[in-house]
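Asker: Sequence:
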Amino acid sequence: MVTLRRLTAIILCFAFLCVPVKAREDTPVVALTFDDGPSGEITHQLLQGLEKRQVKATFLLCGYRLKEFPQTGQAIYDGGHEIGLHGYSHRTMENMSQAEVAKELSDTLALLPEGCAPVFFRPPGGVTTKAVKAAAKEAGLSLLYWSVDPKDWKTHNAAAIEQTVMSSVGDGDIILLHDMCSCSVSAALAIVDDLLAQGYRFVTVSQLAQLRSTEPKPGLVYSRFR
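Sequence positions in the sequence shown follow the working numbering and run 22 to 247.
Note that these hints are calculated values from the structure, not bench results. Heads up, some of the hints might be wrong.
[Unchecked claim] Using 25 Å as the maximum straight-line C-alpha spacing, the simulated DSS-like pairs for lysine-lysine come out as follows:
no. : residue 1 : residue 2
1   : Lys172    : Lys77
2   : Lys124    : Lys151
3   : Lys73     : Lys238
4   : Lys77     : Lys88
5   : Lys158    : Lys238
6   : Lys124    : Lys154
7   : Lys124    : Lys88
8   : Lys158    : Lys124
9   : Lys154    : Lys238
10  : Lys124    : Lys238
11  : Lys238    : Lys151
Small disclaimer: the values here were computed from a predicted structure and weren't measured.
Generate the whole structure from the sequences, applying the supplied hints.
Answerer: Below you can see the structure in the form of structure tokens.
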């Protein structure tokens, strides 16, 4: 009987060791997003820094800048980053008709790298009207807001941008930055280093939604996935 019990215990022990250990699911995740680009050399500096750290981000691109820097848009796509829309002209859409918003979207879509199928549209300034929502829905795009905004476009101080983000960021947040000046690039990479050291994982916005079992719906607004 004792021998049988020992044999059973040994078998159970080996069985337990053979069961694959499930990865932790409580790792905090965040999504970095960059507006207003692409901006040529500055965006390339950012891409190099992200690649070095093996981090993917989401870029909300303007059509007029894609027209000026098509190679940079292609580099973003080839780097495995997510691409979304930020309108063509970067004009505030508060007084635009649905047809005008739709043209902003279609003109930008026509300039995206081949094979790119965007999910998100972030209206300039975050201004959303019925016309904006209707045009986005018709184009099959979800509206993307943010939950952490250090206002890097007017701060121009990398250390201050970094501190603002680090004092408020949490699991599931969407961080708003811009790839238009070197100070934002420096701040973004410092934020990445800080959060990686704290055990965070960086994902694209679409990946973040999937991790939180959310399927973004066209025309609806999303600012975080927690």
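Asker: Taking the hints in turn, state whether each one holds.
Answerer: Hint-by-hint comparison with the structure:
Between Lys172 and Lys77 the CA atoms are separated by roughly 21 Å; this keeps the pair inside 25 Å, and the hint holds. At most 25 Å may separate the alpha-carbon atoms for a hinted pair to count; Lys124 and Lys151 meet this at roughly 16 Å. Among the hinted pairs, Lys73 with Lys238 is inconsistent with the structure: their alpha-carbon atoms are about 33 Å apart, more than 25 Å. Simply put, Lys77 and Lys88 have alpha-carbon atoms about 23 Å apart, close enough for the 25 Å limit, and the pair holds.
Annotation: proposed proximity of Lys158 to Lys238 holds, straight-line Cα distance about 8 Å (limit 25 Å). Between Lys124 and Lys154 the CA atoms are separated by roughly 14 Å; this keeps the pair inside 25 Å, and the hint holds. Distance hint between Lys124 and Lys88 is fulfilled; the C-alpha atoms sit about 15 Å from each other, no more than 25 Å. For the proposed pair Lys158 and Lys124, the alpha carbon gap of about 14 Å is at most 25 Å, so the pair holds.
With a C-alpha separation of about 11 Å, the suggested pair Lys154 and Lys238 falls inside the 25 Å cut-off, and the hint holds. Between Lys124 and Lys238 the alpha-carbon distance is near 21 Å, which keeps this suggested pair within the 25 Å criterion. For a cut-off of 25 Å, the pair hint linking Lys238 to Lys151 stands: about 16 Å separates their Cα positions.
Hint 3 alone, counting from the list given before, is not met by this structure.
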